[in-house]
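Chains as they are written, first to last, in this note's numbering: chain F, 3 to 494; chain D, 41 to 264; chain B, 1248 to 1922; chain V, 396 to 714.
If you are wondering where the hints come from, they were derived from the structure by calculation, not from laboratory data. For every residue, glycine included, the Cβ atom is placed at its ideal position computed from N, Cα and C. Heads up, a few of these hints could be off.
In silico contact screen, one side only, chain D against chain B (beta carbon under 7 Å); selected entries [what the hints assert, rightly or not]:
| id | residue |
| --- | --- |
| 1 | Ala54 |
| 2 | Gly127 |
| 3 | Leu187 |
| 4 | Met191 |
| 5 | Leu262 |
| 6 | Arg263 |
Computed Cβ-Cβ distance ranges for the label pairs, DEER-style [as the list claims (entries may be wrong)]:
| id | chain 1 | residue 1 | chain 2 | residue 2 | range |
| --- | --- | --- | --- | --- | --- |
| 7 | D | Ser71 | F | Ser153 | 41 to 51 Å |
| 8 | V | Val409 | B | Ala1795 | 14 to 24 Å |
| 9 | F | Leu458 | B | His1760 | 53 to 63 Å |
| 10 | V | Gly568 | B | Leu1792 | 29 to 39 Å |
| 11 | B | Lys1897 | D | Gly73 | 29 to 39 Å |
| 12 | F | Leu458 | B | Arg1358 | 38 to 48 Å |
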Amino acid sequence: MNDWVVGVLLLAPIIGGLIAWPLHGRLVEFVAIAAFCVAASAGLGLATAVPGAGRVTAFHGGVSIDALGAYVLGLTVIVAALALWASPRYIRHELAAGDLRPGDEGHYYALFLWFVATLIAVPLVDNLGLLWVAIEATTVVSALLVGINRSPDAIEAAWKYLILGTIGVGFALLATLLAYASSVHVLGESSDALNWTRLMSIAPHLNPNLLRLSFIFALAGYGTKVGLVPFHTWLPDAHSQAPSPVSALLSGVSLIAALYALIRFHLVAMAGLGSSFSSTLLVVFGLLSMAVALPFMIRQEDLKRLLAYSSVEHMGLLAMGIGFGGPLALLGVALHIGLHAITKATLFLSAGELAQQYGSRRLSAIRGTFRAAPVAGGALGGGLLMLGGLPPSGMFVTEFAIVVGGITRGYWWAAALAALLLACCFVALAVHGSRIVWGHAGPVEAARGIDGAMALRLAAPLLVVAALGLWTPGPLAAALDSIRAILGATGV
Amino acid sequence: MTFTAVDAARLLDACSTSIVLIGVLIAGTRSIGRAIWLVAAQAILLSAAVAGVGLATGSNHLLLGSLVTLSSRGIVVPLALGHILRGSPVRQERNPYLGPRLSLIAAIAIVFVAFMAVDSAALGGSLGPVSAPRALPASVAEVLTGLLIAMTRRKGLSIVVGLLVFENGLALTAFSLTYGMPFVVELGATFDLLMVVVVVGVYTRRMLTVFGSLSTDQLRNLRG
Amino acid sequence: MIVTPDGALGASLLPAFWVAALALFVLAAAVACVPRVSALSPTLSTAGSVCALALGCGLLLSGVSLTASGSHVLGLATISVRYDGLSAVFLAAFGLSAAAASLSVVGERPRSRPEGAAFPLFLASIVLVLGANAAFSFLLAWESMTLLSAFLVVGLRPTRAVVSAGNVYLAMTHVATAAILVAFALLAASSGGALDFVAWHAAAPGLAPVTRDVILVLVSAGFLTKAGAMPFHVWLPRAHPAAPSHVSAVMSGVMIKTGIYGLIRVIVDIMGGGPDGLGLLILGVGAVSAVMGVLYALMQHDMKRLLAFHSIENIGIILIGLGTALLLQARGATDLAALALAAAMFHSVNHAAFKSLLFLGAGAVVHATGLHDLNHLGGLGRKMPATMLVFGVGAAAISGLPPLNGFASEWLTFQGLFGAAGSGAVEPLARFGAAAAVGALALTTALAVACFVKATGVTFLGLPRSAAAAAASETTPPARFAMGFLAAVCVVLGLAAGPVASALLTVARSTMHAGAATATATVPAVTSTPGSGQAATYAALTVGLLVAAAIAVVAAASRRRTTARRVDTWTCGIAPKPAFQYTATSYAKPIQLFFRRILVPEREVHVEYVPGTRFPSSIRYRSEITLLLEERVLKPAHGLSLQAADFARKLQAGAIQLYIAYIVLAVLALLLWAR
Amino acid sequence: MSAIEPTTTVFLAVLQLAAFVLFAPFLTATIRRTKALLQSRRGPGLLQPYRDLAKWWGKLPLESNVSGPVARYAPAFVLGAILTAALLVPLATSRTPLVSWGDLLVVVGLFAAARFALALAAMDAGSAFGGMGSSRDVAISALAEPGLVLALAGAAIAAGSSDLGAISAFGIGRGLDLLDPAHLLAAAAFGIVIIAETGHHPVDNPDTHLELTMIHEGMLLEASGRSLATLVFASELKLAVLAAIFSAAFFPFGAATELAPGPIALGLVLGFVKMLVIGQALALLDASVARARILTLPDLLGLASVLALAGLGIQVLLP
């Protein structure tokens, strides 16, 4: 049964993409949405089927999903749904503006579906090697999406993304090899020696030196995809040049997918080496990411780059939180992953709206949205507030949890600095946001037709984030708790 | 006479060292075309070493792996790159960030560093099927050399060459460190490599059409 | 949602008041969003504020405390409150100010619907802040209060200046909150991860000195920023004038007091006091805030900006009391410490009353004339006698004149300082600090008199200086009633200072976890009727009655049957013109000259002559003072930080080779680190 | 002290009130007289202030047609406040007639209240001179206030209570030990403050009638009839009260410590004498010192604060 579901889940988008490739117009939109709906229903069904503590397996354990995987899977589906929902409006405008060629429409939707497929594959596979394959695949496909409109900047961004992504993922391969090698003398030559469930079970017997090396390369490799400083340099380029729905996917989900991989290695490392080694590295690089992101957020001219750097900041925060460990911080991390994905996706979508309306992504150009673009501008302002972590944003709760959790775990300086950096990043966001919303608007193209669907898809996610800041529904609480248990599996 | 583990070890050591040597040579050359063929040569040596280990341990999928390596890294990829190169106006690496001599020296330095930093003894005694003490440090050196090449070149294609050297280093690691990975992973990795090359091809073509050259100097607009 | 009063004798109504207050605020917010009934919103929030007032007074009188807890996020309670005496005091102050502020806008519609909805929610958030007894619920309410007030300041259609004011406010308070968060986390860490204040208090004695000092510094910085004490005050004179007057009334009257509340709650209650240095620090901050605040206020001619700077001054006075209390508490002089702490609380309450009154008065003037600038006002007393009367009462109260409430609390503050300077238990240096603070406080009160003579006189007396001022008319009945209510409060709190002070003393003692008073005979006290013995006494009621009697007698004696002859004002024989009068600027000129060293005034005189003659046809005079902290410190610092950011952005230089280099270097570094 | 039965309190209060009311104009008269003599004039008779007051009291008032209730009722506030203050300072006895109703801070506060009312009233007529006088008066008092409070605070801290009665009793108790440096510094500071508060050279010229030089007089410019009489009398009374405070806080000797007719009478006489001495000192200043530019006043009044603070420092830091 599960085999079928997983099969549908992976094949529907792939086949849909193959069909969509040559098409264009309403038809391709329909095909894409149909294929996605099939996959989405399968994905959500699978995600909700996962019990709190146990796991859902398929293909003889080749596919094995625990609560964390289900969470990532669910987020992927939700964010992808938002992005796909926003795509037609965006793509039509691009076509009308001549930024996209008519032929590219089909390619866009096809690549989009394949990108989603690769992202979905990440939390499914149990084998670290296949996990690596999936992540590499996301790079390849999304690189094509980033450069889909052939402007010089887009090509530059895609090129850098491709090269740096490949290098990073190469290190990830090295990490995988070393993990494998560290297990060989226990498991011998067996094809499931890379199944992280197996690795976890025999972690204490793994070769510690190789394991240490392995985590270092995993940090460098998957850290590149996560966007941890100093491996993040591709991120602002790619996220700002990609079509906005793709940016939403990149910032919302693909970072999380890479983080998921990093978490797997972290767990193995903790099981094999004790918590201090990998945790320290995560905390250090998380802090570094937050610190480096700040100046780029303070002095930023490009709206989407601003959002991209804030993604760097939040990934840093998540890395720190995971490094901190401890129930409170991990609970915060678990919720923060989802909230950031949803908020950031919404922000990129509204940023896309504004960029199209103002014909520019420059912050100096996008001013006075309060009159010119009430819906998208409002969503952007609200989203920035949510991102900044002021009540009733759920991120207020998660940031509180991570900082307090970190300090109670003894990471005083790191957590204190994190709190300061969070505050400063919020200030940067608030200043930019207030200028965007109330700044003196120059000659602005009259507000584009506000369709209710757009208002809904921009407002609803933010409302959810706000609601989650005041109250956690029971099932979600249970799910988060089991995720926390997994994250802290071999913690203290 | 049979092909024993000891012979395999010798072969692996010899191949890996010579691969590193070739890597250094690549770092030292201006001509992109020559670089590509040197990369191909590395791949052939690599597959030979893998085959040797395969014979010694009698594991079939290593032999298969060597075959795959030969075909993909040794033949397909170089051909593809050569095709792209023919399409591009410039075939020489003009004024790189680091001149050929300097980067030759730097490469040698890196090799020394790698051989000093990584010794397989420290990593838990004999690794892999045959004890080839030079294999692991050689592969790390190869990886770093690849990155050095990518770091010091201006032409997009030379950066890709550097990337391939890097990839060869990874493959060398894979085989020197383990019995090779589970076969399915092996396939996936190779497929990904091919995909990368394809996408690179796509983008180099776009770069040619948009910028009229493969120099990365135009690719410096996105800052801050 | 569980609501329980402890020791529930006769306190059964209190939970009802609490729930009613919050419910009414939420309802008011909801109503404000509905176009047809939005006018009801102020009435509802008035009722809510009255409930809060009743709750505060009830808690004070019954001496019980109220506990409640609410929904959970990630297992953290969003609402977890315990209202004890300390909370009750500030809650009562909140009730006074909020009730009057809401009442004053009854029947008016807000600038916009969201703002109309935000105001009651803002009030609700303050109620929650004052009760929260766990880190998360406190910070949740705290940040909501910040966000809502920032929104009320900025509004929906702000000017550029207002936007920047809002940004400065949000930025400073948010960073300050980060400091508080870290301090709370440290407290949690040192009490085994517990997040509630009770556990922290239990663990406080075991704190390592370093940790304790770090916590104290962070908490002080955080809460002093919200309180608007110098040098953390920069946001205050920008934000308060920008908001609508009734909002400024609550912000200035109550919201900045939550900073004081936080200081008392964490330092005095939870931490049980700090080292001598902390007391001196707070004392110094208070003295500087008081003197500089009133000096800057004197130099203003925008009414609301003037009042905003006076908030800084009064916060300074409160901090002087608090610092004295800490000095004495650190040395175990509990009786005097309680006196000083009570003084701080009393002045907080008083300031809530008269500052709200004055802001509402300013609002009435703006409402009547549309003018903020004192230099264009004048002669309003004839048009708005009621406003002039209540504004005068507020002005006299804030100037600390007997027998009004401001004097009573300042008297207590002085006595605290005398006690600290005189008590042998205290360090000599600290004693001298207290003595110097006496001088600072005296200077402050005298300057406050000057400032409010100026504000009242220039606004309400003499001839109108502009057509708008001449055409003014009395403000709305609700506003008049609200101001009258607060004026009455100022008088009553002044005359009934005795019982109020003794009630506050009990609260202060329980906040300091001190037992009953030991030697009250030697401790100065505010009473209603004359005490006896050595200790200094201020018999508020009798002195008040005596003054009233004396004034009445003199007035009666000097009244005469025949009405006075009306003549022109003497201006050396010329017909008097409005331009002859002293303006607000010229009134403050002597003081500007006296203090030119710290005010650093810049004057600019522009004379135009009648062509070919030496007769000036027009003279334009502009004089501005330099806000040293902002001009000489903050602006350069801001510029530097921006430059630093620009420099850091060179990391992303655009060359992919550079990026690869980053990766390689990082990997090498990691490899070497891991060896 | 022991509790006192009401009748005594009432008697003492009435006595002290009467003493102040009747004596205050005489004190001003002596000052004018001495000043005149020092300037080798004959000067007005010692009853002249009483005659002036009586004259103004009977006159028909002129009111500016700009001014309103503030100007009309302020004089009553001013005099009422100062009369109350007069009951809260020791004169004949070492205790205030109204025992522990209020301490020195209350007296200072009442002076401030009087100043507030007067300064406000001066602005009511919209006259340039009123505004000028009011502005300068509040500015100068602001500078004087710290010195005033600090000087008294020194005595209060020494006595352990800010109650003027307690202070004076403590002073009497210490006898001549009282005259230690700290005490003398405080006394000097208070002396400077009296000059500023009562408008004598070098701060103000009490007899000027040139508008541009007036400070206190400027505020009275628009007052007439009974208002003028009230305000002038209030300022005379304020001088007397300040003098009484000075002698009570810094030279309390001779004041009656027990409530018997003899000592009280003696104390009263000595009190008058002390006031007269202070008054003649002021007259001497008026005659000998030129009036200072207003810009130089901060130095003078700052000196008062510094002296007082120095006294406190000596008291606190090296006991």
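For each hint, the structure was consulted:
1. Ala54: At about 26 Å, which exceeds the 7 Å cut-off, the nearest Cβ of chain B leaves the hint on Ala54 of chain D violated.
2. Gly127: violated, 21 Å
3. Leu187: Holds, because the Cβ-Cβ distance from Leu187 of chain D to chain B comes to roughly 5 Å (cut-off 7 Å).
4. Met191: holds, 5 Å
5. Leu262: holds, 6 Å
6. Arg263: Check passed: Cβ of Arg263 of chain D comes within 4 Å of chain B, closer than 7 Å.
7. D:Ser71 - F:Ser153: 41 to 51 Å: Given range 41 to 51 Å: violated, Cβ gap about 32 Å.
8. V:Val409 - B:Ala1795: 14 to 24 Å: holds, 19 Å
9. F:Leu458 - B:His1760: 53 to 63 Å: Holds - the Cβ-Cβ distance for Leu458 of chain F and His1760 of chain B, about 55 Å, lies within 53 to 63 Å.
10. V:Gly568 - B:Leu1792: 29 to 39 Å: Check passed, 33 Å falls within 29 to 39 Å.
11. B:Lys1897 - D:Gly73: 29 to 39 Å: holds, 36 Å
12. F:Leu458 - B:Arg1358: 38 to 48 Å: For Leu458 of chain F and Arg1358 of chain B the Cβ distance comes to about 28 Å; the hint is violated.
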